[in-house]
Structure formats: structure tokens, C-alpha cells
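J.: Chains as they are written, first to last, in the numbering used here: chain A, 1 to 131; chain E, 132 to 262; chain G, 263 to 393; chain S, 394 to 524; chain Z, 525 to 655.
FYI, nobody ran anything at the bench for these hints, they're computed from the structure. As the structure is a prediction and not an experimental result, all values here were calculated from the model. Be aware that a few hints might be false.
[What the hints assert, rightly or not] Quick partial rundown of chain G residues pointing at chain S, CB under 8 Å, derived from the structure:
1. R304
2. P310
3. C342
4. T371
[Said to hold, decoys possible] Derived DSS-like pairs (lysine-lysine); straight-line CA-CA distance at most 27 Å:
5. K594/Z to K414/S
6. K414/S to K463/S
7. K201/E to K283/G
8. K155/E to K201/E
9. K51/A to K152/E
10. K313/G to K444/S
11. K201/E to K51/A
12. K51/A to K575/Z
13. K21/A to K594/Z
14. K594/Z to K51/A
15. K444/S to K594/Z
16. K575/Z to K70/A
17. K201/E to K24/A
18. K313/G to K286/G
19. K463/S to K283/G
[Stated by the list, open to error] Calculated from the model, a selection of chain E residues having no Cβ within reach of chain A, i.e. all distances over 10 Å:
20. Q142
21. C149
22. P153
23. G154
24. V158
25. A165
26. P179
27. T180
28. P236
Note that beta-carbon positions come from the ideal geometry of N, C-alpha and C, so glycine has one too.
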Amino acid sequence: MNGMDMEQLGQQSFVYGCELKPGKDVVFNPEEDAFEHQLSLRTVSVDPTTKDELQVVEVEGCDANGQTVKTVLASVRPSCLPCVSLAGFEIAPPVVFRLKSGSGPVHLTGQHLVLTDGEQSFEDDDDDDEE
Amino acid sequence: MNGMDMEQLGQQSFVYGCELKPGKDVVFNPEEDAFEHQLSLRTVSVDPTTKDELQVVEVEGCDANGQTVKTVLASVRPSCLPCVSLAGFEIAPPVVFRLKSGSGPVHLTGQHLVLTDGEQSFEDDDDDDEE
Amino acid sequence: MNGMDMEQLGQQSFVYGCELKPGKDVVFNPEEDAFEHQLSLRTVSVDPTTKDELQVVEVEGCDANGQTVKTVLASVRPSCLPCVSLAGFEIAPPVVFRLKSGSGPVHLTGQHLVLTDGEQSFEDDDDDDEE
Amino acid sequence: MNGMDMEQLGQQSFVYGCELKPGKDVVFNPEEDAFEHQLSLRTVSVDPTTKDELQVVEVEGCDANGQTVKTVLASVRPSCLPCVSLAGFEIAPPVVFRLKSGSGPVHLTGQHLVLTDGEQSFEDDDDDDEE
Amino acid sequence: MNGMDMEQLGQQSFVYGCELKPGKDVVFNPEEDAFEHQLSLRTVSVDPTTKDELQVVEVEGCDANGQTVKTVLASVRPSCLPCVSLAGFEIAPPVVFRLKSGSGPVHLTGQHLVLTDGEQSFEDDDDDDEE
Numbered sequence: 001m002n003g004m005d006m007e008q009l010g011q012q013s014f015v016y017g018c019e020l021k022p023g024k025d026v027v028f029n030p031e032e033d034a035f036e037h038q039l040s041l042r043t044v045s046v047d048p049t050t051k052d053e054l055q056v057v058e059v060e061g062c063d064a065n066g067q068t069v070k071t072v073l074a075s076v077r078p079s080c081l082p083c084v085s086l087a088g089f090e091i092a093p094p095v096v097f098r099l100k101s102g103s104g105p106v107h108l109t110g111q112h113l114v115l116t117d118g119e120q121s122f123e124d125d126d127d128d129d130e131e
Numbered sequence: 132m133n134g135m136d137m138e139q140l141g142q143q144s145f146v147y148g149c150e151l152k153p154g155k156d157v158v159f160n161p162e163e164d165a166f167e168h169q170l171s172l173r174t175v176s177v178d179p180t181t182k183d184e185l186q187v188v189e190v191e192g193c194d195a196n197g198q199t200v201k202t203v204l205a206s207v208r209p210s211c212l213p214c215v216s217l218a219g220f221e222i223a224p225p226v227v228f229r230l231k232s233g234s235g236p237v238h239l240t241g242q243h244l245v246l247t248d249g250e251q252s253f254e255d256d257d258d259d260d261e262e
Numbered sequence: 263m264n265g266m267d268m269e270q271l272g273q274q275s276f277v278y279g280c281e282l283k284p285g286k287d288v289v290f291n292p293e294e295d296a297f298e299h300q301l302s303l304r305t306v307s308v309d310p311t312t313k314d315e316l317q318v319v320e321v322e323g324c325d326a327n328g329q330t331v332k333t334v335l336a337s338v339r340p341s342c343l344p345c346v347s348l349a350g351f352e353i354a355p356p357v358v359f360r361l362k363s364g365s366g367p368v369h370l371t372g373q374h375l376v377l378t379d380g381e382q383s384f385e386d387d388d389d390d391d392e393e
Numbered sequence: 394m395n396g397m398d399m400e401q402l403g404q405q406s407f408v409y410g411c412e413l414k415p416g417k418d419v420v421f422n423p424e425e426d427a428f429e430h431q432l433s434l435r436t437v438s439v440d441p442t443t444k445d446e447l448q449v450v451e452v453e454g455c456d457a458n459g460q461t462v463k464t465v466l467a468s469v470r471p472s473c474l475p476c477v478s479l480a481g482f483e484i485a486p487p488v489v490f491r492l493k494s495g496s497g498p499v500h501l502t503g504q505h506l507v508l509t510d511g512e513q514s515f516e517d518d519d520d521d522d523e524e
Numbered sequence: 525m526n527g528m529d530m531e532q533l534g535q536q537s538f539v540y541g542c543e544l545k546p547g548k549d550v551v552f553n554p555e556e557d558a559f560e561h562q563l564s565l566r567t568v569s570v571d572p573t574t575k576d577e578l579q580v581v582e583v584e585g586c587d588a589n590g591q592t593v594k595t596v597l598a599s600v601r602p603s604c605l606p607c608v609s610l611a612g613f614e615i616a617p618p619v620v621f622r623l624k625s626g627s628g629p630v631h632l633t634g635q636h637l638v639l640t641d642g643e644q645s646f647e648d649d650d651d652d653d654e655e
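Extracted from the complex, chain A is given alone in its bound form (with noise of 0.2 Å):
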């Protein structure tokens, strides 16, 4: 009932989401498994409790060096823009993401791809399996 058969299409998506406040960090780095996981980023919204400044939400993650970079992934603010839709941010874990300005808090959501190691490696398995 969860949706789509993970032996056949290669890749599920469930929903993702987190609430940000101050001084808390949220981390997305799945247990390891048999599965790629990754984050689609969609929205970032703030709620009616969310007091108006600028709230800005920070990714800290991984560059191509190896090296962990911090930057801003985007900034709502209740009274002119109080949702911005990130139309897919594709980010791979270990990835944190926290409250770098504003009192929050800011909603984050997406969707959480679980995908398998190579897309074609089903093929393999079954060759497996049949000799």
C-alpha cells in the first residue's frame, strides 16, 4: 500500500518532513542498508506561531572535496514570502539542516528517495537467482 514496488521501478518516494527551531539541529542520515537514500527538497514554510523577521535555514553537508560546507539553503519571511518551493533539491546524506537566523519555527518537506545501488543491478540479481 506504500505505493510503488521498490523490486520494480527502482526508487520509492515517501514524504519527508521537520520542523526547525533555534538551536536544534536536524539530521538526515539514514541507518545504512541495502538502499540509496536521498532528500528532494520541496518547501519551506513558516506557521502562523512563526514570528515575523527573516528566518533562514541552513544545509551543512558534503562539497565535492570531501569537505563539509555550510551555506543557506533559503529565507521566508511570514509577511512577504512566507513559503518558497525548492522544486527538487537533490542532496545526499549525511546532510543537517538548522536555523541559522529567526526564532522559527520554519517547516521543512520533501520527499525521501529510496533507490536502489545501480538501477540496473536488479537484472544482476536475477541472473542470480536463475542459475
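Fit chains E, G, S and Z to the known structure of chain A by using the hints.
T.: Same frame as chain A, but now just chains E, G, S and Z:
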């Protein structure tokens, strides 16, 4: 006349729309049939009857651990951001949409995608017919 | 000079645009021919003659049960959100666009995609020629 | 050093940008060569010299009937929406951009995609070389 | 732990981020190695220290004629549009980002994609190993 021939393309896109009001859950959970169903969410919009306050749309779905997760899909406000484009947020049933804050109405629109199980399974079916 | 050779690419993209005014339905329903037609909606915009009130664009199409569905495509307002990017909302004919609220004009722009039936069917045609 | 090797990838992406001012048509119509050309439009932006009035960008292209069509690409306004993201509006030459309203300047930016005729034709060429 | 195995997927995605201030060019031009590098730009955001004036981000890259082109990537302004989503503007090195107007800081964030030369070349490598 519905646009695309499923047997050939493997995917059909229909219009999906719902109106969100306080205290009303909108469930997307098509009856089980031979096809996979998916939403590709596109826009969240207010209309002229929507009160000028923050309208927060919540989505309730399934996370990667099989647990129910509730998170903010988008926030709109008539006087500053009457519409948010979600750019194709893909979500599999069962899923629930509701207005978490605000008195609405808020309109959620997207594509209802109907796809076959494995996208390559058509030929399998054809093979059966040929036997 | 129209950009792409359909025989080779299987898809051609043209400019689609219409102006929405109160009481005027804009129908997108190309005559039946050998090709599939689709809209990839891109932007909803106001112009300087648009009154400063909420302009609500409605789309009427076909849902997955074969029923007609009307829903809000986007809402724009000259003084706060004069333009919304739809990022490629794909919709198959027959479809109707209308201004549900506001006195307009509102401009809807996108790509009119013309594609062949099955994307692999060109070779079939070639086979016929070779016989 | 231009990023991608066309022989191998079949598509190269370059930066496209133009400045729109009243009474000045900007034509995108590359000279005919062995490649297909396409724009993937990304952003429409104002700068600090842009007067605070609605700036309406018009696009003139070819519709599916081979007729010239003019429609609004996007509307921006320095005090409320200084930038609109078009998220990859794909358009084939010949195409004309102009400022339909407002005194500008407005900046249009995107990717100029150069692709080969049929994306699979490289191997054909390779085959010829091997003979 | 960096998410994806390049040998199998052919593409790896890392976090890219930079801070733009007046008079400071940010160059993206990775050292030549066996891989192709590309940016998929995602967001331009202000932070609470950004002065409330129009902040204009310029990109300098290579056009299809091999000439250097400078154009406006996006414009943001703390009081009305503190963040713009670029939805994956793909750009190949060498490229330079700078703040053309405004006193900043402005934050540019995206994905740094590392891909192999021809995406199909893995099998070639495998063939060599088998010999």
C-alpha cells in the same frame, strides 16, 4: 479523447484538484487496480473569499520507516503570496491534505498520474496475448 | 525553421499563449491528427491594465474517473504577485481555461508539445516504407 | 574548457542573457549549422535602475499551426517581485523577446542548449568512421 | 558515505554554496580531472545582515559563440523577495558569480554535479578489464 493511450505511453496524466477548508480532511487513496497512482502537486492558491491570514496546508503521508508523518506542504497568504508553485511534488497514496491553519478556502491542484506497474511490463502482457 | 525535426526527435515544442478575460472560455482541444498534443504550462501574468484585485485562473479538465473537474490553476495579483511560474504543469486536451475571479486580463503562457503516439513508433513507420 | 564534449554527450549548455529595453527587439535565431538550438529560459530580473512599475516581457514565437504568436512571458515589478524564475521554459528559434510594458531595463537569462539532430546519431557517425 | 557510488551511477551530487559581497568574484572552475563538473543552481537568499536594497547577482560564463557573457542571474530584496528558487539552473565551468548591485551579503546555493565523460563509458572500461 483523454489524451494519451496508456498501452503505448505507460503513463496517463489527469487533472487533480481539491478545496481545503478547516476541519475537512481530503484523502487521496484511489481504489486498488492494476495501475500505480501518484500525484504531482502543482499549485496552492487562495481565492477572493479567503481571509487575509496565513493559510497553512498540511500533508500527511508515509515516511521511509512506514510511519505516518505530518508536515507543512505550503503556506499562502492573500495579501503577499496568494499562490505557491510546487513544481511537481510527487507523492504516492495514501495521503491526506488538510488546512492546518487559516479559515480557507485554499485550492490544491496537480496532476494525477496513472502508471503501469513496471513501465516495461506491457511487452510481458503482449507476450501473453501472443501465446 | 520550426526548430526540431519531428521524425527524429519525436517531440516538437511550440509557443502557446492566451489572454483570459471574464466570461470568456479558452478551449485547448487541437483537431485529431496523427500526433498527441499536450500543454506544458509555464507562467500566469498580469499586465498594466489588470485591476489590482485577486485574479483567479480556473482550469477545467478530466480527472482519473473520466469526470470533468474544475480547480484553481493559479492566483495572481498585480500589487503583490504579478506573475506565477508553473514550472511545466503538463495537461492533456480537452481542457478549458477561464478567469474565475477578477476582471483581468490575465495571460497564460506555455509550451504546446506535439508528440507521436508511442515515441518508438517512428521505426514502425520506417519499416512500412521499406516494405 | 567549455564544459562538455559534444561528441560524447549530445548536448552542450551555454549561458544566454539579454537586456530588454523599450522599443528594442531581441531576436534569438542562431545561424543554421549542423546542430539544433534551443533556449531553456531561467530568470527574468530587474536591476536598481528599473523604474518601479510593472515590466511585462513578451515572447513572439511560432505556434503549432505555424502562425506567429505573441504572449506574455513574465511580469516583474521592483517593489514586489523583482525576479521570476521560469524553471526552464524551453523554446526553439526563431523567437523574439521584447519589453511590452514598462521602461526597463529587464534582464532575461537562461541556458542556450546546442544539441545534435537525433541524439543517437553519434554512433552512426562512428560507424562511418570505422568503415 | 558520500551517498552515491560514481562507478555505478555515473553522477554524484555535492552541496555547493558561496557568499557574495561587493567587489569579490566567486569563481567556479574545478581543476581538470577525469570527470565533468556542473553546477545545478538552486537558491539565491539574503540573510538578516543584508541591507534592504535590491541585490543583483551577476553570472559570467561562456556563450555559444565562445564569447564571455555577463547577465543577471537573479535579483532579491529583503523586504519583498528574500529568496529566489532557481529550480536547477545548470551551468558548466568556468563561471564567475558576483554581486553587481547591493551591499550584500547574498548566498548562492546549489548542487555540484560530478559526472563521467560520456555516461556510457563505464561499459567501455569494463570491456577493457575483461580483455
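J.: All hints are to be evaluated individually against the structure, with a verdict given for each.
T.: Okay, the hints, checked on the actual structure:
no. : hint             : result
1   : R304             : holds, 5 Å
2   : P310             : holds, 5 Å
3   : C342             : holds, 5 Å
4   : T371             : holds, 5 Å
5   : K594/Z to K414/S : holds, 17 Å
6   : K414/S to K463/S : holds, 17 Å
7   : K201/E to K283/G : violated, 39 Å
8   : K155/E to K201/E : holds, 15 Å
9   : K51/A to K152/E  : holds, 24 Å
10  : K313/G to K444/S : holds, 20 Å
11  : K201/E to K51/A  : holds, 22 Å
12  : K51/A to K575/Z  : holds, 20 Å
13  : K21/A to K594/Z  : violated, 39 Å
14  : K594/Z to K51/A  : violated, 38 Å
15  : K444/S to K594/Z : holds, 22 Å
16  : K575/Z to K70/A  : holds, 22 Å
17  : K201/E to K24/A  : holds, 19 Å
18  : K313/G to K286/G : holds, 17 Å
19  : K463/S to K283/G : holds, 17 Å
20  : Q142             : holds, 12 Å
21  : C149             : holds, 17 Å
22  : P153             : holds, 13 Å
23  : G154             : holds, 16 Å
24  : V158             : holds, 13 Å
25  : A165             : holds, 13 Å
26  : P179             : holds, 19 Å
27  : T180             : holds, 19 Å
28  : P236             : holds, 17 Å
When the structure is compared with the earlier hints, violations turn up for hints 7, 13, 14 and for no others.
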